[in-house]
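Enquirer: This is what each chain is made of:
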Amino acid sequence: MKELFAILIGAILVENFVLSKFLGICPFLGVSKKTSTALGMSGAVVFVLVISQAVTWLANEYLLKPNNLEYLQTITFILVIAALVQFVETVLKKLMPSLYKALGVYLPLITTNCAVLGSALIFVEREYTFVEAVVFGFAAGLGFTLALILFSGIRERLETADIPEAFKGMPMTLVAASLVSITFIGFAGLIIG
Amino acid sequence: MFKEIIRPSLILFLVCAIMTGALAYVNGVTKPIIDENNKIAEQESLKNVYNDAENFLDVKTGEALKTEGIDVSDNIEKLYTAQKGGQSIGYVVSVFSSGYGGKMKILVGIDNDLNIKGISLVSHNETPGLGANAANPKFTDQFLGKAPQKEFNVVKRIPNDDSEIQAITAATVTSKAVTKGVNEAVDLVRSIVGGA
Amino acid sequence: MAERKKPLSVLLNGLIKENPTFRLLLGMCPSLAVTTMAKNGLGMGAAATFVLVGSNLVISLIRKIVPDKVRIPAYITVIGTFTTIVQLLLAAFLPELNKQLGIYIPLIVVNCIIFARAEMFAQKNGPWLSVLDGLGMGAGFTLAITIIGSVREILGAGTWMGIPVTVNLFEPAIMFILPPGGFLVMGFLVALFNKLTNKKDKDSECETGCGMGCPGCCKAANGGEA
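Chains as they are written, first to last, in my numbering: chain L, 1 to 193; chain W, 1001 to 1196; chain U, 2001 to 2226.
Chain L on its own, in the form it takes in the complex (with noise of 0.2 Å):
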């Protein structure tokens, strides 16, 4: 129990999946403008994270690793990353047309996103059990919105601000990151297992 706690709290807050270890940036720098969309990504990769983990993990465990075909995780993960967004979108679509209608535009962004696959494969790296393996991806996800709803904020009264030509856009929100990412350092006080 205390290591599922400290897994929770690793990946949230200490190694922060966005600020920490640059994984799920691309939607991250382009889609944290405003607060609702910020949600609607977040909501969305939190959900398709838990999931992947799971069914990767069963994948690698039953049919990967018995097999000793671990060379093609990295391809079996991804497609099996591409096939849930696409089954999620599709269920979304039929039986929750209104939550298709708020998430929907998010979920391909999804499958590219290197936090997905990254946490696949950080599983595989520190060689997580089943449980810990879907902790670590809803921690995953949880600090990417927590990351993300920061920034998101932040961008919006960017969006007012007087910004030197060059910076506006993309370089504005990268030094804003830097800051963020630096406040994220502060939480090394955090004691570890």
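Everything labelled a hint here was simulated from the structure, so no lab data went into it.
Please read these numbers as outputs of a predicted model, since none were measured by experiment.
We treat Cβ as the ideally placed atom computed from N, Cα and C, and that holds for glycine.
Mixed in with the good hints, there may be bad ones.
As the list claims (entries may be wrong) - Simulated restraints on C-beta separations:
hint, chain 1, residue 1, chain 2, residue 2, range
1, W, Pro1032, U, Lys2099, 16 to 26 Å
2, U, Ile2163, W, Ile1033, 28 to 38 Å
3, U, Ile2163, W, Lys1150, 44 to 54 Å
4, U, Met2161, W, Val1059, 51 to 61 Å
5, U, Lys2064, W, Asp1035, 36 to 46 Å
6, W, Ser1088, L, Gln86, 57 to 67 Å
7, L, Arg126, W, Lys1039, 20 to 30 Å
8, W, Asp1058, L, Pro66, 28 to 38 Å
9, L, Leu4, U, Trp2128, 49 to 59 Å
10, W, Pro1137, U, Phe2170, 42 to 52 Å
11, U, Lys2099, W, Val1155, 30 to 40 Å
12, W, Asp1161, L, Ile163, 57 to 67 Å
13, L, Leu4, W, Ile1040, 32 to 42 Å
As the list claims (entries may be wrong) - Lysine-lysine pairs mimicking DSS-like chemistry, simulated, CA-CA at most 30 Å apart:
hint, chain 1, residue 1, chain 2, residue 2
14, U, Lys2039, U, Lys2195
15, W, Lys1103, L, Lys65
16, W, Lys1138, U, Lys2039
17, U, Lys2195, W, Lys1047
18, W, Lys1003, U, Lys2069
Fit chains W and U to the known structure of chain L by using the hints.
Expert: Chains W and U alone, transformed into the frame defined by chain L:
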């Protein structure tokens, strides 16, 4: 029917088959090289912590040691017997420890008199510039040549005696984690040689 | 495509005009993560170029055979295969670099640069031009992240490619090697690039694009504009 479903599926299957075939080929070619690399790297890292030894044999996992009735911490990964001239002169223990950035693996070389022959951080996720400095001789050399009666203890000042290890500034967690690993390794060797 | 592309212009496109890192802003994850040292930037760039050229070539070759329905899974398989090949080759022949780059090597498979080029170029052009596009984009990417890595290494550790350069000029600031430094350096370099190429960032609402959903894909399609 054919055009809609079967043909696309067949083509996709073909693409997958060819790609996977190519992959399997590359894997077949590279696997022995990768395994060899890993073996060489392992031997090198063992020699690194026990320079005097010629070879390292008789590898036992933590699990195996437990079934032999030896009291072993769960963090012990493997025990290697260090040999020179056919005689066992000591051991190398690979032990895990929870550092600041997660699990780290430490190799400890210990001779039959419980002197620490060498320490190295084989893998870790510690912060570069802070905890990662635990891998440097500046920190690990503190352990060398010692065979303390009691456990190593981390302190934040100049050590008073052999059993005290000075922590790295701003990296206490890492320092403690490494020390804990070393202690567990020493405990293991102690129960094997039945010494002090 | 309507006009015939000149091979040379295809090759040079990726270097400046449509530099994937500084202009198209694709492939951010590895750009920030592995650029703690110049050497790593170079290594990652080379690996990504290999995958880019390989997948561009294969996708261009099969573009007329693969039905639209199964296009995406086919791309994923091809790109994934080349990524894994690079992984295996690195593990076998350059284990040190492999250790340094870690999980970012397999993450090449979700590097938006590769998908974007597959969709925007390889799908619509012949194999030779596609290879050139892969080389150009790969070179642009490599150049970009090596520069980022160099800046971070010099400012953060006082060395370049492992050779001490700053000596006693100034005390290196570790922050540049840590994540905040990555963001900061990237931000400044993109701003610099914008200034030098005199382009203004029309803040686009381009948040989706390509079948795979790489953000900025529509940017890539429109030559760097929204």
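Enquirer: Could you work out which of the previously given hints the structure breaks and list their numbers from low to high?
Expert: 4, 10, 17
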